[in-house]
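Chains as they are written, first to last, in this note's numbering: chain A, 10 to 391; chain B, 10 to 391.
In case anyone wonders, no lab produced these hints; they're calculated from the structure. It cannot be assumed that every hint is accurate.
[Claimed, not checked] Output of the computed footprint for chain B on chain A, the stretches with three or more beta carbons under 8 angstroms from beta carbons of chain B: (1) 162-176; (2) 190-197; (3) 204-213; (4) 258-268; (5) 289-301.
[Stated by the list, open to error] Non-contacting residues of chain B with respect to chain A, defined by C-beta distances greater than 10 angstroms in every case (computed): (6) Thr31; (7) Gly38; (8) Arg207; (9) Ala356; (10) Glu357; (11) Asp359.
For every residue, glycine included, the Cβ atom is placed at its ideal position computed from N, Cα and C.
2 protein chains.
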Amino acid sequence: MPDSLPVDSVGVVTPQTYHFETPIELACGQTLERYDLVVETYGELNADRSNAVLICHALSGHHHAAGYHSMDDRKPGWWDTCIGPGKPVDTNRFFVVCLNNLGGCHGSTGPISTNPATGKPYGPDFPVVTVGDWVKSQALLADRLGIDCWAAVVGGSLGGMQALQWSLDYPDRLKHAVAIASSPRLTAQNIAFNEVARQAITSDREFHDGRYFDFDTLPRRGLMLARMVGHITYLSDASMGEKFGRELRDQAYKFGYDAEFQVESYLRYQGERFSEVFDANTYLLMTRALDYFDPAYEFGGDLSKAMAEASCEFLVLSFSTDWRFTPARSEEMVNAMIAARRKVSYAEIDAPWGHDAFLIPTPRYTDIFTAYMDRVAREVGA
Amino acid sequence: MPDSLPVDSVGVVTPQTYHFETPIELACGQTLERYDLVVETYGELNADRSNAVLICHALSGHHHAAGYHSMDDRKPGWWDTCIGPGKPVDTNRFFVVCLNNLGGCHGSTGPISTNPATGKPYGPDFPVVTVGDWVKSQALLADRLGIDCWAAVVGGSLGGMQALQWSLDYPDRLKHAVAIASSPRLTAQNIAFNEVARQAITSDREFHDGRYFDFDTLPRRGLMLARMVGHITYLSDASMGEKFGRELRDQAYKFGYDAEFQVESYLRYQGERFSEVFDANTYLLMTRALDYFDPAYEFGGDLSKAMAEASCEFLVLSFSTDWRFTPARSEEMVNAMIAARRKVSYAEIDAPWGHDAFLIPTPRYTDIFTAYMDRVAREVGA
Numbered sequence: 010m011p012d013s014l015p016v017d018s019v020g021v022v023t024p025q026t027y028h029f030e031t032p033i034e035l036a037c038g039q040t041l042e043r044y045d046l047v048v049e050t051y052g053e054l055n056a057d058r059s060n061a062v063l064i065c066h067a068l069s070g071h072h073h074a075a076g077y078h079s080m081d082d083r084k085p086g087w088w089d090t091c092i093g094p095g096k097p098v099d100t101n102r103f104f105v106v107c108l109n110n111l112g113g114c115h116g117s118t119g120p121i122s123t124n125p126a127t128g129k130p131y132g133p134d135f136p137v138v139t140v141g142d143w144v145k146s147q148a149l150l151a152d153r154l155g156i157d158c159w160a161a162v163v164g165g166s167l168g169g170m171q172a173l174q175w176s177l178d179y180p181d182r183l184k185h186a187v188a189i190a191s192s193p194r195l196t197a198q199n200i201a202f203n204e205v206a207r208q209a210i211t212s213d214r215e216f217h218d219g220r221y222f223d224f225d226t227l228p229r230r231g232l233m234l235a236r237m238v239g240h241i242t243y244l245s246d247a248s249m250g251e252k253f254g255r256e257l258r259d260q261a262y263k264f265g266y267d268a269e270f271q272v273e274s275y276l277r278y279q280g281e282r283f284s285e286v287f288d289a290n291t292y293l294l295m296t297r298a299l300d301y302f303d304p305a306y307e308f309g310g311d312l313s314k315a316m317a318e319a320s321c322e323f324l325v326l327s328f329s330t331d332w333r334f335t336p337a338r339s340e341e342m343v344n345a346m347i348a349a350r351r352k353v354s355y356a357e358i359d360a361p362w363g364h365d366a367f368l369i370p371t372p373r374y375t376d377i378f379t380a381y382m383d384r385v386a387r388e389v390g391a
Numbered sequence: 010m011p012d013s014l015p016v017d018s019v020g021v022v023t024p025q026t027y028h029f030e031t032p033i034e035l036a037c038g039q040t041l042e043r044y045d046l047v048v049e050t051y052g053e054l055n056a057d058r059s060n061a062v063l064i065c066h067a068l069s070g071h072h073h074a075a076g077y078h079s080m081d082d083r084k085p086g087w088w089d090t091c092i093g094p095g096k097p098v099d100t101n102r103f104f105v106v107c108l109n110n111l112g113g114c115h116g117s118t119g120p121i122s123t124n125p126a127t128g129k130p131y132g133p134d135f136p137v138v139t140v141g142d143w144v145k146s147q148a149l150l151a152d153r154l155g156i157d158c159w160a161a162v163v164g165g166s167l168g169g170m171q172a173l174q175w176s177l178d179y180p181d182r183l184k185h186a187v188a189i190a191s192s193p194r195l196t197a198q199n200i201a202f203n204e205v206a207r208q209a210i211t212s213d214r215e216f217h218d219g220r221y222f223d224f225d226t227l228p229r230r231g232l233m234l235a236r237m238v239g240h241i242t243y244l245s246d247a248s249m250g251e252k253f254g255r256e257l258r259d260q261a262y263k264f265g266y267d268a269e270f271q272v273e274s275y276l277r278y279q280g281e282r283f284s285e286v287f288d289a290n291t292y293l294l295m296t297r298a299l300d301y302f303d304p305a306y307e308f309g310g311d312l313s314k315a316m317a318e319a320s321c322e323f324l325v326l327s328f329s330t331d332w333r334f335t336p337a338r339s340e341e342m343v344n345a346m347i348a349a350r351r352k353v354s355y356a357e358i359d360a361p362w363g364h365d366a367f368l369i370p371t372p373r374y375t376d377i378f379t380a381y382m383d384r385v386a387r388e389v390g391a
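Build the full structure now, drawing on both the sequences and the hints.
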């Protein structure tokens, strides 16, 4: 962090843990008797509790979306570019809530939490959760916070899927849903990449059927490989080319298999770093939640029938070089919303960074996002 | 195989092994004192030895490009769709040569061959070879076969790179070079996928620094993962969607991590099958040869200067949905050829199958390929 706080930062923030003692039934049929959700909030809830915005995180995200945990932090939260005073999600106007999802590994109950039935970490016994389960738990969190209706539920990628699911499951509890760089369901190719990641993890000898804690080890190599594959899909061919090209670490070919190209050492570094901070069982769980997400499924594959359940307004944004969730996938959502006579604003943003573009502020993206959220704020009197 | 041979098949073929006792110096600086190349040929060499066509294979290919090894074979060679009587590479007119490249694992000298210095398999001691090394060894094979000048050197993907390299290294020894679904060099994204594959292999505990034979084992899981990643990049998002969609193996979600979607079990099956028949060290070697290929490198990155070395004519073909080697990469080649005042024919074929399209006969592809090779045949009096 800089010596002083940036003026557009929410500043130093402290996560809070909410304990839930009422059992929650999950889509898989299992029940969690009790669980914790770790939460950060930014800004102030107004008197009529109408200015709350829920931020939903993506695969490897968590509750720390903005600000710093201490003055020693080198980096702010994962979406600090979009959340703060004067930013698109303006904390001078909104009360912003971000949580680590159930099944996560950053403080909310998940595979690394202690299973009260055994006194050991859940590990592979933690149930598979779905986007619908997350939304359900987020609604219970909203109850706890005294928020009857969100001004907006906002998310990128898997976070956008949660925003979409909110609009269907609790149509009266949100005014707006914002889905950025998202998709109404994974393609076969998306699932295939997830499957490679899962196979990489479960193939690691240190995985021990998910009970690696019992063996005092971690499936680091598998998680590293999973992240490497994922990371490639977050970037565009062009942005990788721009960043690394075919640049070598040294002058000439070495005729071996050590990292010679800059892109190789970058990927290894990213993978290794990730494998030190993320839980392998959570990674499996998050990818499965992605695979399973398919709100059109119970409507015979007709997304517009699903969207007829919604009553909020929508902002959908996509990025031109995102090949993980292409603009065409966002357009599927938009078309279904239009067919269902829902109000929707849509823009495809021209940006070179692939899927990761939703984390990178660019003028048109920031302008559109800001303008939309300004309207949301005005509507709720914030 | 069907009960009788298809009329457009080259029929039952028998590979031949050529022993080379003259040392070959490789780009890495190492020398192979002696080596074998396993070769298949189809058709007859004409009296003036002018009708020979060299077929170069891709990453996982080999010498068995067409026909059957026995009447019990279920499948013909890997490019049987394009090689045979009346096919684009017409064996009634051409003498077709296909070899397993040096470093391969199908009979030519490679990591699984016995290292005369130790009496054990080379394994990781087999030198890293380059596309240039392959072309050099192919030229020595041509000498042995009495072929001074190929009517054409033809290949898809990595095979197309060899055709391109031929045109630069032995400009007087080929009349035509045909590069299909190829690229003048890998992008950072291409290298990144190769790196994931290599990390998957070398991370496998059974890899043992490449000396798995010493441990009486194979890095099957790593090779399986490598192939799974590769396989995704050979197909288009659309073709995977067409083939598998989100289809489940059973009726409903199982809320676990076993293969539930058809695409998962397909990929696992493909990966497992490949891991039983391919050598891990060869896979590393082939991917590195891909990474290193960059004929413009010694011309300051100017491909047109490289192409000025060539004197043959070119056919370049790309496929609309190939995202591994996009049409734009073929166009780079074509533009460089034009800038260097070389004769080149180019077509982008509209096909839904991604990179794999070069193996799948479609009317426009087959027609263009056939017409071009017909011209080649006429030129050489075949």
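Structure-based check of each hint:
Only when three residues or more bring their CB closer than 8 angstroms to a CB of chain B does the claim for the segment 162-176 of chain A stand; here the count is 0, and the claim is violated. Note: the segment 190-197 of chain A has 4 residues with beta-carbon separation from chain B under 8 angstroms; the three-residue rule is met and the coverage holds. A count of 8 residues in the segment 204-213 of chain A with a Cβ less than 8 angstroms from any Cβ of chain B is obtained; the coverage claim is therefore met, three being the minimum. Note: the segment 258-268 of chain A has 5 residues with beta-carbon separation from chain B under 8 angstroms; the three-residue rule is met and the coverage holds.
Coverage of the segment 289-301 of chain A by chain B holds [criterion: at least 3 residues with CB-CB distance below 8 angstroms; count 4]. Against chain A, the non-interface label of threonine 31 of chain B holds: every CB pair exceeds 10 angstroms, the least being about 22 angstroms. A beta-carbon of chain A is positioned within 10 angstroms of the beta-carbon of glycine 38 of chain B; the least distance is around 8 angstroms. A beta-carbon of chain A is positioned within 10 angstroms of the beta-carbon of arginine 207 of chain B; the least distance is around 6 angstroms.
No Cβ of chain A approaches the Cβ of alanine 356 of chain B within 10 angstroms, the least distance being about 22 angstroms, so the stated non-interface status holds. Every CB of chain A lies more than 10 angstroms from the CB of glutamate 357 of chain B, the least distance being 17 angstroms, so the non-interface label holds. Annotated as non-interface, aspartate 359 of chain B keeps its C-beta farther than 10 angstroms from every C-beta of chain A; the closest such distance is 18 angstroms.
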